[in-house]
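A.B. asks: With these hints in hand, go ahead and build the complete structure from the sequences.
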Amino acid sequence: MKRDVFITEVALRDGSHVVSHQFTVDQVVQVAKALDEAGVPYIEISHGDGLAGSSLQYGFSHTNELELIEAAISVCNQAKISVLLLPGIGTMNDLKEAANLGAKMARIATHVTEADVSAQHIGLAKKLGMETVGFLMMAHSAPVEKLVEQAKLMESYGADVVYVVDSAGALLPHEVRERISALKNALQIEVGFHGHNNLSLAMANTLVAIEEGATRIDGSVRCMGAGAGNTQTEVLVAVLDRLGIQTGIDLYKIMDLAEEIVAPILPAPQEITRDSLILGYAGVYSSFLLHSQKAAKKFGIDSRDILIELGKRKVVGGQEDMIVDVAKELVKKAATVNN
1 MKRDVFITEV
11 ALRDGSHVVS
21 HQFTVDQVVQ
31 VAKALDEAGV
41 PYIEISHGDG
51 LAGSSLQYGF
61 SHTNELELIE
71 AAISVCNQAK
81 ISVLLLPGIG
91 TMNDLKEAAN
101 LGAKMARIAT
111 HVTEADVSAQ
121 HIGLAKKLGM
131 ETVGFLMMAH
141 SAPVEKLVEQ
151 AKLMESYGAD
161 VVYVVDSAGA
171 LLPHEVRERI
181 SALKNALQIE
191 VGFHGHNNLS
201 LAMANTLVAI
211 EEGATRIDGS
221 VRCMGAGAGN
231 TQTEVLVAVL
241 DRLGIQTGID
251 LYKIMDLAEE
261 IVAPILPAPQ
271 EITRDSLILG
281 YAGVYSSFLL
291 HSQKAAKKFG
301 IDSRDILIEL
311 GKRKVVGGQE
321 DMIVDVAKEL
331 VKKAATVNN
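For what it's worth, the working numbering labels the leading residue of the sequence shown as 1, then goes sequentially.
Simulated from the structure, these hints should not be mistaken for lab results.
Since the structure is predicted, the reported quantities are computational estimates derived from the model, not experimental observations.
We treat Cβ as the ideally placed atom computed from N, Cα and C, and that holds for glycine.
Mixed in with the good hints, there may be bad ones.
With a straight-line cut-off of 25 Å between C-alpha atoms, the simulated PhoX-like cross-links for lysine-lysine are [what the hints assert, rightly or not]:
1) 253 <-> 298
2) 104 <-> 126
3) 312 <-> 333
4) 152 <-> 104
5) 312 <-> 298
6) 328 <-> 312
7) 126 <-> 152
8) 126 <-> 96
9) 312 <-> 294
10) 253 <-> 294
11) 328 <-> 298
12) 294 <-> 332
13) 2 <-> 253
14) 314 <-> 146
15) 33 <-> 253
16) 184 <-> 126
17) 80 <-> 96
18) 146 <-> 184
19) 2 <-> 184
20) 333 <-> 297
21) 294 <-> 333
22) 146 <-> 312
23) 297 <-> 253
Label-pair distances were calculated between CB atoms; the ranges are [said to hold, decoys possible]:
24) 146 <-> 337: 14 to 20 Å
25) 93 <-> 319: 22 to 28 Å
26) 297 <-> 119: 36 to 42 Å
27) 126 <-> 213: 39 to 45 Å
C.D. replies: Right, here's the structure in full:
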């Protein structure tokens with residue numbers, strides 16, 4: 001099967017944020033089986049924050065993610081199962097367990113300036129025979145030169161692919177073009193792009209990335225992902241088909257999956273709300289959305305004020321505990337002003 005672009009479906013990982021990490025085995029089996037039958041080459045399954053993300057800080061999973069990975073592998077005939085790991089959350093042992101179950105791709109994710117913490121995990125994934133991806137998150141928050149430097153580190157550790165990850169959905173098309181072009185010129189390996197739709201630019205940014213030579217692209221069926229979701233897989237397949245770019249994915253089958261299986265799982269339709277828009281505007285990690293909304297409700301303040309303040313402080317993934325602290329500070333500040 002000829003593929004010009006390889007799509008990794010992330011609804012069963014990034015989409016975990018949308019359902020507060022409450023995926024069941026039955027849901028994962030239904031979605032994974034349909035994705036496999038539609039011809040999707042890679043399906044990512046983990047807690048929203050990666051392997052071992054189930055915790056008080058990030059949110060507890062309904063089902064152990066290793067059970068979900070094993071269940072998905074059991075129903076896939078051609079798709080490879082991918083897992084996400086953030087060093088400091090997931091461990092080497094977690095990666096080994098996933099590989100032993102049959103996961104074929106490991107995506108090792110770090111903040112865009114912290115690629116050096118990925119060396120051991122990328123090295124282990126290679127030793128385990130896994131296809132290995134370097135995932136540079138919050139790519140909007142570093143200059144292009146720094147992004148290239150960090151991508152080269154991941155390449156030197158053995159990564160087969162390095163991704164520009166727009167975790168906040170904050171990148172504009174010309175910024176994606178600059179970053180993908182720079183990586184293509186600097187690296188000998190493939191380049192990928194992971195977008196979020198907080199500024200309604202996920203599709204535009206993805207197309208720009210492909211124009212500049214990215215061959216690995218992330219999508220989420222029915223836009224099921226953190227914040228306003230990711231590049232919508234079924235729409236992307238249709239657009240690329242119109243452009244004559246082959247994905248190897250059956251358009252009707254991926255559309256039916258989105259409509260009949262994934263849509264009923266969503267608590268509400270994915271759309272750009274005022275809060276998800278602020279994520280992109282302020283440059284805040286998309287998975288902070290539900291945490292900020294909960295804090296806003298608890299302290300009786302506007303969630304947008306929390307997100308704007310988090311953006312000013314340039315928070316990164318793993319700093320979710322700051323959300324409550326910021327909310328408390330905003331309440332205290334408001335009380336001082338009122339008095």
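A.B. asks: Now look at each hint and say whether the structure bears it out.
C.D. replies: Here's how the hints hold up against the structure:
1. 253 <-> 298: 42 Å, violated
2. 104 <-> 126: 10 Å, holds
3. 312 <-> 333: The hint holds at about 16 Å.
4. 152 <-> 104: 23 Å, holds
5. 312 <-> 298: 22 Å, holds
6. 328 <-> 312: The hint holds at about 16 Å.
7. 126 <-> 152: 17 Å, holds
8. 126 <-> 96: Since the Cα atoms of residue 126 and residue 96 sit roughly 11 Å apart, the hinted pair holds (cutoff 25 Å).
9. 312 <-> 294: Within the cut-off at roughly 20 Å; holds.
10. 253 <-> 294: 36 Å, violated
11. 328 <-> 298: Holds - the C-alpha atoms of residue 298 and residue 328 are around 10 Å apart, at most 25 Å.
12. 294 <-> 332: Status holds; Cα separation ~18 Å.
13. 2 <-> 253: This hinted pair holds, its Cα atoms lying about 18 Å apart.
14. 314 <-> 146: At roughly 16 Å apart (the allowed maximum being 25 Å), residue 146 and residue 314 satisfy the hint.
15. 33 <-> 253: Roughly 11 Å separates the two Cα atoms, so the pair holds.
16. 184 <-> 126: 22 Å, holds
17. 80 <-> 96: 16 Å, holds
18. 146 <-> 184: 15 Å, holds
19. 2 <-> 184: Status holds; Cα separation ~22 Å.
20. 333 <-> 297: 17 Å, holds
21. 294 <-> 333: Within the cut-off at roughly 19 Å; holds.
22. 146 <-> 312: 20 Å, holds
23. 297 <-> 253: 40 Å, violated
24. 146 <-> 337: 14 to 20 Å: Once the Cβ atoms are compared, 38 Å apart, the range 14 to 20 Å for residue 337 and residue 146 is violated.
25. 93 <-> 319: 22 to 28 Å: Given a distance of about 25 Å, which is inside 22 to 28 Å, the answer is holds.
26. 297 <-> 119: 36 to 42 Å: 41 Å, holds
27. 126 <-> 213: 39 to 45 Å: Because 24 Å falls outside the window, the suggested range is violated.
Consistency with the previously given hints fails for numbers 1, 10, 23, 24, 27, ordered from lowest to highest.
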